[in-house]
Amino acid sequence: MTATEPVLVLGDVAEGDRLPSLQAAVTATTVVLGALATRDWRPMHHDKDFAVNRNGTRDIFLNTPNQAAWFERYVTDWTGPHGRLGRVTFRMLDSVFPGDTMVLDGAVSAISVDDTGCGWIGLDLTLSVGGDVKSTCTARVAVPVDDGDNPWRRRLEQWKP
Amino acid sequence: MSPAQSGPDVVAEVRALVGVPQYEEAGEFPVEQGYVWSMCAAVENGNPLFWDEDVAAELTGGPIAPPTMLSVWFRPHHWAPGRTEERLPLRVHFDLKERLGLPEAVMTDNTMTFHEPVRPGDVLRTRQILRSVSDLKRTKLGTGRFWVIDVEYANQRSELVGIESYTGFGYRRAGDEAEAVAGAGTAGAPGPASGAPGTASGPGMAP
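Chains Y and U, in that order, are what the protein sequence lines are.
According to the working numbering, the first sequence is numbered sequentially starting from 1.
According to the working numbering, the second sequence is numbered sequentially starting from 1.
The shape of chain Y in the complex, shown without the other chains:
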């Protein structure tokens, strides 16, 4: 078995760097697949009649854990499998509906090495539709400091998320 090389190490990144945008067309299927995978059975995430008549929204909409999973995928598409999320904070501003094209964007806000030697990247992320920001997320992700490092090996007091 060949050893997996890190896709990204800390030295590859500078504050202010922008992550490549990710575009995804949202369909009813996107909403329902995500709701069921996150075990969120509430009707406004699968039943359009309920969403329109009871919630007063124009359609079913993405649930929070599904959006979290989209943000995670966006970050680790960029870091590769060595990237280990330490912390994420979400703020939902508005809903995302079928028919929307969502765009995820991100920028590097901070770079640091903690006192255990772990390399950290701070990210400011947004999920927007037609230029309107629908959700924001700040993330703190550990990446290798060099080709021999792997943040997933850290445990207990060596891991300070």
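Be aware that one or more of the hints could be misleading.
[As the list claims (entries may be wrong)] Restraint ranges, calculated between C-beta atoms of paired labels, are given here: (1) ASP115/Y / VAL55/U: 23 to 31 Å; (2) PRO76/U / GLY148/Y: 37 to 45 Å; (3) GLN22/U / ASP147/Y: 24 to 32 Å; (4) GLU159/U / ARG58/Y: 39 to 47 Å; (5) THR139/U / ALA3/Y: 51 to 59 Å; (6) VAL18/U / GLY11/Y: 27 to 35 Å; (7) ASP147/Y / GLY34/U: 30 to 38 Å; (8) ALA80/U / PHE50/Y: 20 to 28 Å; (9) ASP17/Y / VAL18/U: 36 to 44 Å; (10) THR27/Y / GLU85/U: 51 to 59 Å; (11) ALA14/Y / GLU98/U: 34 to 42 Å.
[Stated by the list, open to error] Here chain U is said to cover these stretches of chain Y; the calculated rule only asks that three of the stretch's residues, wherever they fall, bring their Cβ under 8 Å from a Cβ of chain U: (12) 34 to 47; (13) 87 to 93; (14) 99 to 111; (15) 147 to 161.
[Said to hold, decoys possible] Listing some non-contacts, in silico: residues in chain U with all C-beta distances to chain Y over 12 Å: (16) ASP9; (17) ALA12; (18) ARG15; (19) VAL18; (20) VAL20; (21) ALA41; (22) GLU85; (23) GLU98; (24) PRO120; (25) GLY121; (26) SER134; (27) ASP135.
These aren't lab readings, by the way, just hints derived from the structure by calculation.
By construction, the Cβ of each residue, glycine as well, lies at the ideal position given by its N, Cα and C atoms.
Using the hints, position chain U against chain Y.
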């Protein structure tokens, strides 16, 4: 007295719970590989950690679940034999609303912190810990209090796997100060999965 100005006794009683673990319980089912694949498929996440056993063995010492799935392992089945009551998430939040007489509530912030990886086969436990309750604040939504609740998750070896931290704002709408106590509000009762905008009347707040 308006309930939004709950007496010092109630506030002191509620604050005595700061730091005290409550509502400890075990998940209904073990962490499942099938859900990991369903989640990754739903968001087209091709991270080889979740699809390639060799990469998972090398980097994470075996298969793991995506970290952001933390709360997924605690959402009950839609139905279970013999169950008569709905299992409410984030009970401490609803307790605070009731005890402080604040009929409306919104979640303003949700932070997840990840510790030991969650692995297929794990049986997780959870508990809720109130971290703080603010003094009365007036916002554009109304007058009420902010609180922070941590939901801690541990595995079967009692290793911490993650913490979800919620900031809630329980309030009485401006102009409703004289309204009768508790139980009145149905809007603004978001569970951890709400997916909702940060306003009391926004979509997704009321189940």
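Checked hints:
no.: 1; hint: ASP115/Y / VAL55/U: 23 to 31 Å; in the structure: 29 Å, holds
no.: 2; hint: PRO76/U / GLY148/Y: 37 to 45 Å; in the structure: 43 Å, holds
no.: 3; hint: GLN22/U / ASP147/Y: 24 to 32 Å; in the structure: 46 Å, violated
no.: 4; hint: GLU159/U / ARG58/Y: 39 to 47 Å; in the structure: 44 Å, holds
no.: 5; hint: THR139/U / ALA3/Y: 51 to 59 Å; in the structure: 53 Å, holds
no.: 6; hint: VAL18/U / GLY11/Y: 27 to 35 Å; in the structure: 43 Å, violated
no.: 7; hint: ASP147/Y / GLY34/U: 30 to 38 Å; in the structure: 34 Å, holds
no.: 8; hint: ALA80/U / PHE50/Y: 20 to 28 Å; in the structure: 22 Å, holds
no.: 9; hint: ASP17/Y / VAL18/U: 36 to 44 Å; in the structure: 40 Å, holds
no.: 10; hint: THR27/Y / GLU85/U: 51 to 59 Å; in the structure: 35 Å, violated
no.: 11; hint: ALA14/Y / GLU98/U: 34 to 42 Å; in the structure: 50 Å, violated
no.: 12; hint: 34 to 47; in the structure: holds (count 10)
no.: 13; hint: 87 to 93; in the structure: holds (count 7)
no.: 14; hint: 99 to 111; in the structure: violated (count 0)
no.: 15; hint: 147 to 161; in the structure: holds (count 5)
no.: 16; hint: ASP9; in the structure: 34 Å, holds
no.: 17; hint: ALA12; in the structure: 30 Å, holds
no.: 18; hint: ARG15; in the structure: 25 Å, holds
no.: 19; hint: VAL18; in the structure: 22 Å, holds
no.: 20; hint: VAL20; in the structure: 24 Å, holds
no.: 21; hint: ALA41; in the structure: 7 Å, violated
no.: 22; hint: GLU85; in the structure: 16 Å, holds
no.: 23; hint: GLU98; in the structure: 22 Å, holds
no.: 24; hint: PRO120; in the structure: 15 Å, holds
no.: 25; hint: GLY121; in the structure: 18 Å, holds
no.: 26; hint: SER134; in the structure: 19 Å, holds
no.: 27; hint: ASP135; in the structure: 23 Å, holds
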